[in-house]
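Student: Residues 221 to 510 in this note's numbering are what the sequence shown lists, from first letter to last.
Rather than coming from a laboratory, the hints here were simulated on the basis of the structure. Fair warning: this is a prediction, and the values are worked out from it, not measured in the lab. Possibly wrong hints are sitting among the right ones.
[As the list claims (entries may be wrong)] Derived lysine-lysine pairs resembling DSS-like cross-links, with alpha carbons at most 30 Å apart:
| no. | residue 1 | residue 2 |
| --- | --- | --- |
| 1 | Lys-272 | Lys-335 |
| 2 | Lys-406 | Lys-335 |
| 3 | Lys-257 | Lys-406 |
| 4 | Lys-391 | Lys-335 |
| 5 | Lys-490 | Lys-510 |
| 6 | Lys-392 | Lys-334 |
| 7 | Lys-334 | Lys-391 |
| 8 | Lys-257 | Lys-272 |
| 9 | Lys-391 | Lys-375 |
| 10 | Lys-334 | Lys-272 |
| 11 | Lys-282 | Lys-355 |
| 12 | Lys-326 | Lys-282 |
| 13 | Lys-272 | Lys-355 |
| 14 | Lys-435 | Lys-408 |
| 15 | Lys-375 | Lys-355 |
| 16 | Lys-334 | Lys-281 |
| 17 | Lys-480 | Lys-450 |
| 18 | Lys-371 | Lys-326 |
| 19 | Lys-282 | Lys-406 |
| 20 | Lys-371 | Lys-272 |
| 21 | Lys-392 | Lys-510 |
| 22 | Lys-435 | Lys-406 |
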Amino acid sequence: MKRLFKLFSVSILLIFASCTGSKHLPTQQNNAIAEFKMASYNIRCDVQADVKSGNAWDLRKKPLTDLIINHHFDMVGVQEPYGNQIEDLQNLLTDYDYVSAPYATKSFLAIFYKKNLFDLLENDMFWLSETPDVKSMGWDADEYRIVHWAKFRHKESEKEFYCFNSHFYWKKVTARQNSGPLTAQKIKEIAGDYPVVFVGDLNSQPETSQIQSLKVLLNDAFDVTESPRKGPENTNLGGGVFQGNPYNRIDYIFVSKNIKVVDYTSYEDKYGDAQYPSDHLAISSNIVIK
């Protein structure tokens, strides 16, 4: 349990930098290129109902982590895991480290990253609410929702960038509608001119106002991939559903407009009786930061 609660902290240096504005300006870096595979995956929480339906986490965790390893995800934003699931991921993903933040009642957001490729520089979070810097529920939501972020350095190229990860509220329309523009505003405020990746289960289809507000600032990797997309367009099977066909696209990889998207893939890996490891498909893109 000790590693699980490696949560965010803001250093005195970060506070000073935010006051001076220097954190918004990327430092002089070499001409090397940072290229890596970024992914997003709602892995479905560990609940008793899934045990009864034959989709217990203990059955899913190995094929789920095999998917991450076999498809060579370099960094993956994970949504919805409980604490025990993060511990299992850490034990099975031996080449990865992680940083996490809690939300809702028992859930976490986590960013897993290959230890040999990235250095974690800092991380923090904000609440999806009218008062994002204070712990609070937003608008018509009846549970806490957050955006968790981390700043990384790509070791080989020394390029620095931000990764944001979120899970928008699914029950209430107003909370989702307001989460999009707030997230765009806070990304610009926190990351400034640095390259940005924003991943998550946003419980919102592409035509919604909240997604459109994000696309003012960021590109949807699904739209701007240089290679033909692979895998199904839709990514959501429905809560607690592990078989059949996904019926809508609510999982995203967004990138700042100075990042190139080489490809986009959604994954149909299955195990057992044609079951998916989660009730969402994982998605990934190889991206290039110049």
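Student: None of the hints should be skipped; say for each whether it holds.
Tutor: Verification of the hints:
{"no.": "1", "hint": "Lys-272 / Lys-335", "in the structure": "37 Å, violated"}
{"no.": "2", "hint": "Lys-406 / Lys-335", "in the structure": "27 Å, holds"}
{"no.": "3", "hint": "Lys-257 / Lys-406", "in the structure": "24 Å, holds"}
{"no.": "4", "hint": "Lys-391 / Lys-335", "in the structure": "36 Å, violated"}
{"no.": "5", "hint": "Lys-490 / Lys-510", "in the structure": "35 Å, violated"}
{"no.": "6", "hint": "Lys-392 / Lys-334", "in the structure": "35 Å, violated"}
{"no.": "7", "hint": "Lys-334 / Lys-391", "in the structure": "34 Å, violated"}
{"no.": "8", "hint": "Lys-257 / Lys-272", "in the structure": "35 Å, violated"}
{"no.": "9", "hint": "Lys-391 / Lys-375", "in the structure": "40 Å, violated"}
{"no.": "10", "hint": "Lys-334 / Lys-272", "in the structure": "34 Å, violated"}
{"no.": "11", "hint": "Lys-282 / Lys-355", "in the structure": "35 Å, violated"}
{"no.": "12", "hint": "Lys-326 / Lys-282", "in the structure": "22 Å, holds"}
{"no.": "13", "hint": "Lys-272 / Lys-355", "in the structure": "35 Å, violated"}
{"no.": "14", "hint": "Lys-435 / Lys-408", "in the structure": "13 Å, holds"}
{"no.": "15", "hint": "Lys-375 / Lys-355", "in the structure": "34 Å, violated"}
{"no.": "16", "hint": "Lys-334 / Lys-281", "in the structure": "19 Å, holds"}
{"no.": "17", "hint": "Lys-480 / Lys-450", "in the structure": "17 Å, holds"}
{"no.": "18", "hint": "Lys-371 / Lys-326", "in the structure": "25 Å, holds"}
{"no.": "19", "hint": "Lys-282 / Lys-406", "in the structure": "36 Å, violated"}
{"no.": "20", "hint": "Lys-371 / Lys-272", "in the structure": "40 Å, violated"}
{"no.": "21", "hint": "Lys-392 / Lys-510", "in the structure": "39 Å, violated"}
{"no.": "22", "hint": "Lys-435 / Lys-406", "in the structure": "14 Å, holds"}
Hint check: violations occur at hints 1, 4, 5, 6, 7, 8, 9, 10, 11, 13, 15, 19, 20 and 21; the rest are consistent with the structure.
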